[in-house]
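Trainee: Sequence:
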Amino acid sequence: VKQETPAKAGGAAAARRKAEPPAIDESTDTYDSIEWLVHNVKNNNGRVGQLGISYDGWLTAMSMLDPHPALKAVSPQASPADMFLGDDFHHNGAFRLSYGFEYATMMETSKENEAFSFDKPDTYDWYLGIGALSNVNTKYLHGKIPTWNDYVEHPNYDWFWQKQAFAPYLTRVTVPTLNVAGWWDQEDFYGPIKIYQLLEKHDAMKKNFLVVGPWNHGGWSRPGGNTLGDIDFGMPASDYFRKNIQAPFFAYYLKDKGTLRQPEAVVFQTGTNRWVDYNEWPPVSRTTAKNLYFRANGTLSFDAPGADETTAFDSYLSDPANPVPYRKRPIQPTYGAGSTWYTWLVQDQRFLEGRPDVLTYKTEPLNEDITVTGDIEAQLTASTSGSDSDWIVKLIDVYPDPFPVDEKMGGFQLMIANEVLRGRFKNLTTCVEAHADTAHKTCGPTFAKPVPLVPNQPTRFTIDLHHNSHVFQRGHRIMVQVQSTWFPLIDRNPQTFVPNIFLAKDSDYKSATQRVYRSARFPSHVVIPVEMR
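At position 385 of the sequence shown the residue is numbered 385 (my numbering), and the sequence of numbers has no breaks.
Errors might be hidden in some of the hints.
Unchecked claim - Straight line, CA to CA, 27 angstroms or less: simulated DSS-like cross-link-like pairs of lysine-lysine: (1) K255 - K207; (2) K206 - K257; (3) K144 - K505; (4) K243 - K257; (5) K42 - K257; (6) K243 - K255; (7) K111 - K144; (8) K139 - K510; (9) K243 - K206; (10) K120 - K510; (11) K163 - K201; (12) K207 - K257; (13) K120 - K139; (14) K290 - K201; (15) K505 - K139; (16) K207 - K243; (17) K505 - K120; (18) K449 - K163; (19) K362 - K328; (20) K111 - K139; (21) K449 - K505; (22) K362 - K290; (23) K408 - K362; (24) K328 - K120; (25) K206 - K255; (26) K144 - K163; (27) K328 - K510; (28) K510 - K449; (29) K255 - K42.
Hints were generated in silico from the structure; no laboratory data involved.
Turn these sequences into a full structure, and let the hints steer you where they fit.
Mentor: Structure, rendered in structure tokens:
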């Protein structure tokens with residue numbers, strides 16, 4: 001292939017067109033690297049492709065901000081997009097304790113990439129034993145871990161987190177882009193979907209694509225892909241992706257091989273276990289929003305509460321001294337031998353049955369398949385006797401029992417979607433989305449200062465449960481669970497408002513009575529996009 005004319009050496013700063021002084025960052029580093037490669041690697045055709053997973057996915061996304069002319073195709077895969085709203089270290093302002101602590105200590109102790117050594121076999125006990133978050137530095141880190149110190153110094157959505165977020169910068173599609181995500185990515189599911197959505201607003205040339213499959217973090221890069229945990233997908237989804245989607249994408253743009261037949265979105269529909277193509281994502285023209293309402297006696301129904309249900313609610317005591325575990329105990333270290341961190345999102349949720357601090361609502365066995373395709377949202381009206389609170393909502397597929405297809409899966413509870421919202425930030429996502437291109441300017445001053453909740457006042461919380469493509473099959477039940485702790489995945493909310501939870505004292509942590517309303521006036525529900533036949 002005839003070599004294309006490369007840019008002049010040293011063109012990275014010029015390409016960025018930044019004010020004085022010229023920008024130097026991951027984008028310009030990539031520009032300069034490509035510049036060197038096209039001039040020094042023999043027999044190249046002058047076209048460059050780039051892909052990466054996780055942090056390398058973020059680097060890939062950075063490369064396309066002001067790309068080198070030779071960069072012809074990119075695939076950011078499982079890239080974070082916002083570390084405060086939905087990726088590695090926070091979700092909607094709630095701190096991801098175990099991952100944030102163990103990642104920072106692994107990377108920044110004297111022996112890099114050496115996992116933190118826990119002195120208890122169950123990290124649930126170890127993290128609970130820390131007490132208040134302020135004890136982390138006092139007892140263990142002593143101010144020597146820079147990333148932990150950054151957590152402490154920036155507990156809110158201030159400039160530190162805003163400058164790392166992609167929303168203000170992805171304002172044009174510069175290179176054909178294949179965004180890749182996994183439905184059960186335990187680290188960065190928010191990011192790749194958000195990057196796709198930000199680019200899609202500007203995709204006049206139709207070169208921005210999305211692929212989502214039945215994977216955990218980076219699972220598509222591993223052989224097979226037939227299973228994840230106990231869930232069998234009936235086909236090698238990872239092999240299929242690499243052979244039929246990723247390889248043809250790069251072959252077309254880098255070598256003029258083949259004909260590009262890349263749909264706008266290709267997603268693996270779980271439940272039926274098949275790949276489905278869409279010409280838009282989410283496919284709003286093919287779905288209708290339906291509300292699943294919380295009702296009396298733990299039922300879940302498409303029928304709204306009646307006018308006679310004016311004061312109905314369910315309540316539980318949220319005790320920071322006895323938080324709800326996020327996966328079956330014992331909880332091994334994130335990076336420890338035999339850790340279930342990599343598959344915890346598909347772990348059978350029956351281990352929580354009987355806990356009084358987990359509200360459960362479920363439908364009767366379904367008479368027909370219900371296909372959920374697109375963005376799922378929880379509309380929760382709730383109150384707390386405290387002045388701050390976390391709210392966790394989970395959408396679950398309950399298998400029939402017995403289950404003739406696979407006896408061992410009878411009664412299995414498969415989590416399909418989930419998310420946490422820290423109450424003090426209840427309006428944060430709305431503000432950021434409304435001003436995506438200038439979030440760091442418009443929303444920063446507001447949400448750099450969180451607000452306490454009014455005790456015992458019913459308050460509406462909107463929680464984005466993110467995108468999905470799943471069929472709740474005939475005979476299965478749909479379940480929704482609500483809780484206020486998810487430990488030690490999420491740090492314990494003191495439930496007493498303090499300006500900075502990282503500096504909270506042990507005495508700040510108090511039990512709180514939580515109410516979730518299901519009345520005609522306050523009809524808590526989950527909104528699911530149901531695909532029409």
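Trainee: Does the alpha-carbon distance linking K362 and K328 stay inside the 27 angstroms limit?
Mentor: 21 angstroms, holds
Trainee: Quickly compare the C-alpha distance for K144 and K163 to 27 angstroms and report which way the hint goes.
Mentor: 24 angstroms, holds
Trainee: Keeping to a limit of 27 angstroms between CA atoms, is the pair of K111 and K144 held or broken?
Mentor: Holds, because 13 angstroms separates the two Cα atoms, which is no more than 27 angstroms.
Trainee: Mind checking the alpha carbons of K362 and K290 for me, to see if they're no more than 27 angstroms apart?
Mentor: 15 angstroms, holds
Trainee: Between the alpha carbons of K510 and K449, is the straight-line distance 27 angstroms or under?
Mentor: 22 angstroms, holds
Trainee: Under the criterion that the straight-line Cα-Cα distance not exceed 27 angstroms, is the pair K328, K510 satisfied?
Mentor: 25 angstroms, holds
Trainee: Quick one, are K243 and K206 close enough, alpha carbons at most 27 angstroms?
Mentor: Holds. K243 to K206 sits at ~22 angstroms (cutoff 27 angstroms).
Trainee: Does K243 lie within 27 angstroms of K207 when you go C-alpha to C-alpha?
Mentor: 20 angstroms, holds
Trainee: Measure nothing beyond the straight line between the CA atoms of K42 and K257; if it is 27 angstroms or shorter, mark the hint as holding.
Mentor: Answer holds: K42 to K257 is near 21 angstroms, not above 27 angstroms.
Trainee: Are K505 and K120 close enough, with their CA atoms no more than 27 angstroms apart?
Mentor: Answer holds: K505 to K120 is near 23 angstroms, not above 27 angstroms.
Trainee: Between K163 and K201, is the straight-line Cα distance small enough, at 27 angstroms or below?
Mentor: 21 angstroms, holds
Trainee: Keeping to a limit of 27 angstroms between CA atoms, is the pair of K505 and K139 held or broken?
Mentor: Satisfied, since the Cα-Cα distance of roughly 13 angstroms is no more than 27 angstroms.
The structure is consistent with each of the numbered hints, conforming to all of them.
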